[in-house]
Amino acid sequence: MTDNDNGIRGRIYFPGSPWPNGHQIASFNWTALLHPQYGSYISDASRRSPALAMCFELTTEDYYAKDGTHLAAGEENEDDDDASSDDWRSRVVWNNYNKCWIGPSQTSSAPGIPVSDGTKPFDFTCDEYYFSANPLPVDWNNFFQEQAFGIYLLGHDAVADHKIHLHSRQPDGSYTLDWSGKIALYYAGETDFEYDFIARVEGVRFDAISLFYVNPTWAKEYFGLDLDPNVTPHQRIAPFVANPDDFRIEERNGVLHAVYRT
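Using my numbering, the first residue of the sequence shown is number 1, and each one after it goes up by one.
Misleading hints may appear alongside valid ones.
Straight line, CA to CA, 30 Å or less: simulated DSS-like cross-link-like pairs of lysine-lysine [stated by the list, open to error]:
1. K120 <-> K220
2. K220 <-> K99
3. K120 <-> K163
4. K99 <-> K163
5. K163 <-> K182
Source of the hints: derived by calculation from the structure; they are not laboratory data.
Please construct the entire structure, taking both the sequences and the accompanying hints into account.
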């Protein structure tokens, strides 16, 4: 694995694809969001209560990059399967879509993985964590409205059965992350989760909690909620994190974030 500018080292593998050695991860973010309507952990919850949700996001280098170097013109077709091969095994098809992104769903009303409903705060100092989301089988009637993560792979596909393990905590607070899941090539009309991804990333550190969803103006506009504008950001996160004093409030692109200590 190769270091990126932010110290992240990682690769992602898609078994059976044209690249058995996988792809370097160009960027990786571990963040969270505080959502006023996420609900509890129960699947039939009304989703009216707030919750803290973990968000993980990765982007790969270009598919056609080879150990950090782009292939020469025409070289990308040398090892491609014949025209009868399926999309998963075709290097030409993959290169049409450039790179992979997996991150908090942009179609879901509740993206990410809930970790606290305010009754038991989340502790950011543990030695390891296990998270999971969207186990199989999925209900296609509401899958895209409730999926934790979206994926752009060979188009806007579907990803489920996430298993995430953060471990090997270092003195600087960074972790090694192992993330696996199942993929359906939904963009091509498939609904079977017959493909896999496996990612390992080193040097992962928690960044910040987005408070976009608890902005009083936006909460009213998007959710019809009347939030007290006098409640401070620290007061908002206090029920959900075990160590609220370890966060500082910072504005990023017009959105308040509770940034974790470095």
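Hints, one by one, checked against the model:
Restraint check for K120 and K220: the C-alpha separation of about 27 Å stays at or below 30 Å, so the hint holds. Annotation: proposed proximity of K220 to K99 is violated, straight-line Cα distance about 37 Å (limit 30 Å). Restraint check: the Cα-Cα separation between K120 and K163 comes to about 22 Å, which is no more than 30 Å; the hinted pair holds. Distance check on the hinted pair: K99 and K163 sit about 22 Å apart at the alpha-carbon level, within 30 Å; holds.
Distance check on the hinted pair: K163 and K182 sit about 10 Å apart at the alpha-carbon level, within 30 Å; holds.
Going down the numbered hints, you'll see the structure goes against just number 2.
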